[in-house]
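Asks: Residue numbers (this note's numbering), protein chains in the order written: chain A, 1 to 576; chain B, 1 to 576.
For the record, the hints were derived by calculation from the structure and aren't laboratory data.
Wrong hints could be hidden among the right ones.
For identical chains, the list gives no copy identity; a pair is met inside one copy or between any two copies.
Cross-link-like lysine-lysine pairs, in silico, BS3-like; alpha carbons within 25 Å at most [as the list claims (entries may be wrong)]:
#1 K317 to K220
#2 K317 to K193
#3 K2 to K532
#4 K564 to K551
Number of protein chains: 2
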Amino acid sequence: MKSLIDAALKREKCDLVIRGAKVFNVFTGETEEGEIAVKDGVIVGIGSGYEGAEVYEADGAYALPSFIDAHIHVESSMLSPEEFALLSVSRGTGVVVADPHEIVNVCGIAGAEYMKEAFARIVHVGVNPLEVCMQLPSCVPASPFETSGAVIDGRETEQELARELFYGLGEFMNYPAVLSADGDALQKLAAAKAQNKIVDGHAPALAGDGLNAYAAAGIKTDHECVNADDCNEKLKKGLYVQLRNGSSAHNIEENAKAMNEYNYRRFILCSDDRNAYDLKHNGQIDDALRRIVRSGVPASRAIAAATLNTAECYGLKGKGALAPSYDADIVLVEDLIDFRVSAVFKRGIPVAENGRALFSCGRYETNAVKSTVRIEPVSEDDFRIDLSGKTRVMRVKPNGILTEEEIYDCESENGDVKLPAGVCKLAVIERHFASGNMEKCLLSGYGLRGGALGVSIAHDSHNLVIVGDDNRAMARVAKLLEKAGGGMAIAEGTFEKAFPLDIAGLMSSLPHEEVIKETEEITARARRMGVKEGIEPFMSLVFLSLAVIPKLRLTDRGLVDVEKFEIVPLQIGEEA
Amino acid sequence: MKSLIDAALKREKCDLVIRGAKVFNVFTGETEEGEIAVKDGVIVGIGSGYEGAEVYEADGAYALPSFIDAHIHVESSMLSPEEFALLSVSRGTGVVVADPHEIVNVCGIAGAEYMKEAFARIVHVGVNPLEVCMQLPSCVPASPFETSGAVIDGRETEQELARELFYGLGEFMNYPAVLSADGDALQKLAAAKAQNKIVDGHAPALAGDGLNAYAAAGIKTDHECVNADDCNEKLKKGLYVQLRNGSSAHNIEENAKAMNEYNYRRFILCSDDRNAYDLKHNGQIDDALRRIVRSGVPASRAIAAATLNTAECYGLKGKGALAPSYDADIVLVEDLIDFRVSAVFKRGIPVAENGRALFSCGRYETNAVKSTVRIEPVSEDDFRIDLSGKTRVMRVKPNGILTEEEIYDCESENGDVKLPAGVCKLAVIERHFASGNMEKCLLSGYGLRGGALGVSIAHDSHNLVIVGDDNRAMARVAKLLEKAGGGMAIAEGTFEKAFPLDIAGLMSSLPHEEVIKETEEITARARRMGVKEGIEPFMSLVFLSLAVIPKLRLTDRGLVDVEKFEIVPLQIGEEA
Chain A
1 MKSLIDAALK REKCDLVIRG AKVFNVFTGE TEEGEIAVKD GVIVGIGSGY EGAEVYEADG
61 AYALPSFIDA HIHVESSMLS PEEFALLSVS RGTGVVVADP HEIVNVCGIA GAEYMKEAFA
121 RIVHVGVNPL EVCMQLPSCV PASPFETSGA VIDGRETEQE LARELFYGLG EFMNYPAVLS
181 ADGDALQKLA AAKAQNKIVD GHAPALAGDG LNAYAAAGIK TDHECVNADD CNEKLKKGLY
241 VQLRNGSSAH NIEENAKAMN EYNYRRFILC SDDRNAYDLK HNGQIDDALR RIVRSGVPAS
301 RAIAAATLNT AECYGLKGKG ALAPSYDADI VLVEDLIDFR VSAVFKRGIP VAENGRALFS
361 CGRYETNAVK STVRIEPVSE DDFRIDLSGK TRVMRVKPNG ILTEEEIYDC ESENGDVKLP
421 AGVCKLAVIE RHFASGNMEK CLLSGYGLRG GALGVSIAHD SHNLVIVGDD NRAMARVAKL
481 LEKAGGGMAI AEGTFEKAFP LDIAGLMSSL PHEEVIKETE EITARARRMG VKEGIEPFMS
541 LVFLSLAVIP KLRLTDRGLV DVEKFEIVPL QIGEEA
Chain B
1 MKSLIDAALK REKCDLVIRG AKVFNVFTGE TEEGEIAVKD GVIVGIGSGY EGAEVYEADG
61 AYALPSFIDA HIHVESSMLS PEEFALLSVS RGTGVVVADP HEIVNVCGIA GAEYMKEAFA
121 RIVHVGVNPL EVCMQLPSCV PASPFETSGA VIDGRETEQE LARELFYGLG EFMNYPAVLS
181 ADGDALQKLA AAKAQNKIVD GHAPALAGDG LNAYAAAGIK TDHECVNADD CNEKLKKGLY
241 VQLRNGSSAH NIEENAKAMN EYNYRRFILC SDDRNAYDLK HNGQIDDALR RIVRSGVPAS
301 RAIAAATLNT AECYGLKGKG ALAPSYDADI VLVEDLIDFR VSAVFKRGIP VAENGRALFS
361 CGRYETNAVK STVRIEPVSE DDFRIDLSGK TRVMRVKPNG ILTEEEIYDC ESENGDVKLP
421 AGVCKLAVIE RHFASGNMEK CLLSGYGLRG GALGVSIAHD SHNLVIVGDD NRAMARVAKL
481 LEKAGGGMAI AEGTFEKAFP LDIAGLMSSL PHEEVIKETE EITARARRMG VKEGIEPFMS
541 LVFLSLAVIP KLRLTDRGLV DVEKFEIVPL QIGEEA
């Protein structure tokens, strides 16, 4: 502390002086031209006349506090933590609140330990370029309708949450359990309260008394708002609104309309799910800033939502502002419209410049999280569906993840349904314990013809999801996925291809350039099989098991009607 | 937690429903008409259709979160904690961040323990009407120039701060020690940082590099701003600005001019020093609200500064808002202009109505903090001052606490100075250890004739301060104060009177009505002795030892030139 005071008073040389910056002050909303003086990784003053062991010329760039991503599932990038960090840091991110919900649903706590350790081992000139607050996933499994790779109950939550490993409790997506005052859910929430740890929320379409109950349970954030009214309802109940800039969520501008001069402090920015392509080419929180500022939010409010607000929400001391005693986590951007990041500092150490990380990283040991796909042998006959009469069909819609229920009149031939035009089959195979659990249904609106494709990512239990109109191709895809240890796979005629996701069947160990290229190639190949415009061939599949979003979803246990919150038979009239 | 959820969803009856209120939402700045539903002391919803075991008709009053006083020295009310609580709660205060700086400078940690325990024992229908976050005083003594009743060094601070007794570290008024990187001061600051406890500040006129250094040391608040520019400078450096509505600080309206739509979140309200009369007749944070709203601050921002902002600054979970999961600490006010408090609830229990507390309280045992005035016997000869030639004279000014230095040509007769017209004597006598320490000087601008008066409150070491133009009367006042165990005393001709402050020589055990009456009577009597208009006879004396405010101060060790930060001789030319 002495050296901070001495440096502030210019009795001692600073470690770094950033000269010629327009320094944005998130407390006042104003910009001041001057120098940023850094000692021991901490800002000791904004002013002039500092001497520094290192001097960085900002050339008139704007200096902002490093961005904080309030909520992200890193696994959705399909990148290793190390590759994620390279991209994230180059876009000005200093801290992420990461919820390893996906990998923990596959690997249990070992998945979170792997993520935390892989991030922690990235060190550059003595600093960790990307700090990670790891949330303990609250919903493992996410719903009672599927088989995940692990189960973390209330008692285990109590114990795990007490570990330094975890910062808080991850998004409580099982909101029906909260509303029904389910004992296990309440034990988790009570543990977080007793341990004074924040609980993230996930409350799509919840309002009124239901939202009151959800908030009364101590849940503090939500990232599922769909419009300004929804945001206002969440705000009123005391939840921080996380404005989400995900790869498949496209309503950040709409939600940002709810921000005003009074309530702006209660908005924070997050990615939730963001793929490698977007991280590389469009950015992360910098992209969210760009979007909301272009949509009319004053830059000063937008920046607060990317920095100070998030630090306050999560109690991140020393983060979110450029002022004495705050960590020297600094982003230089060319202007406050495009937010193009020209340099990034972590605790005073340069960690990225002009969109490229200045550090490199190996790979942390993945033994604990690889070879996770274990299935019973499958044959093409396993993909037969014997149906006749009125049948529930899941319809996917372009540009979104909601599904609808359609009723088709079906008939079978040789014990297998004759697929109506434009309809294919969807299968989900349990892949954690080789239990042989497998369920199938019909899918419309997708558009695939003459083959099959599949993926080992399937929110939230990450079983195998395979779609196709050819039983043999579907079985081949299952085998390809098993052999690859998870990933994305295609079978069409004699062609077959798999892109392995060797880390938990969710992420690749490859460099991000290769992950992007491989993903693009296999996706382009899939699209040529007839998948409709507006539907991502693989990435739309990953939500088809997510039994918390209306209307129909398929899991390894059956077809779920999310609104009824129960498993329903494929054929109408079979209800108990 | 189950009962909160069940009550929110109307599956279970609430404990209390407040009907017909205009409920102010501090997250949105908007007001909503409806019911406030309370279960287990916690708000479970704002809405309609709730059933309650108790129903309170608000009759259209505005409902606000209970006010939080961000910084107060309760001792300055001269009331016992119990009497303070009666007044404070009736004015809508739910939490005070109390810095027992005065009593700890007299009694050491035992003083803080007494205060905490006395507050904690006030219980009404199972709730404590006034919650107290007790800060560990950081400056005991406040300066090296005086003798206090206790010394709390860096090492003791480390140990004490770790106790549950203390919430954070009280205002760091010895800012010169911070700027000079004094080892003991840094040990205290480092302890607070290591223990993740907030440090309050006190940085009058500090700006630029000096303020950078002060902020870099981790200090988070300031209540010494004198105008909007000063506020902006503190804000920029990341300090919360505490808008002070003290009994002798009259610049809250001026400071509030710095509040705007962007920065309002960084302003919080406090009292610092507030006497019983003001608490009783003008109020506390309600009065601060009234003042700043009348001066033009929008009510929505003012209310945030009285509630949510303070809760955020101090990390007070569950405080500062009316929303599900927040404590049912609720104030009803008639409008958002006068903020006249009509009812107060603490965790859902009514604790005050129409300006009167609904609880009563006895007195917690004061043995640990009474009989604290111990002096060597004094005689009238001890008040002689032998002076000749150019002499420094302390000049007091009306309506403020700054003093000036005047130079007088003095001469003595029989070893005692002949007082120039309009000049009297000022004496400070050490009163904790009967050490015999006693210093004197001349005082102009005060106006007393024909007697003496004195007080045992003297910031920050609370030695005896006696002023007079008659040595015999001054000695009598010293004896009166000793006999009373501290207080306020007058001697004029054959008349003498003392109002005892039996708790540490700072506070009275009497009911607040009597404290107010006795104080008024003795003050009126003192004024008749010629004390000038604009100068409070007793309360102006209590700052004359405060060796952190320019220009001259007198302590039991000598005359201090605060700007030079050293003890200076009375006679010019005696400098070393």
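Asks: Kindly indicate which numbered hints from before are broken by the structure, ordering the numbers from low to high.
Replies: When the structure is compared with the hints, only number 3 turns out to be violated.
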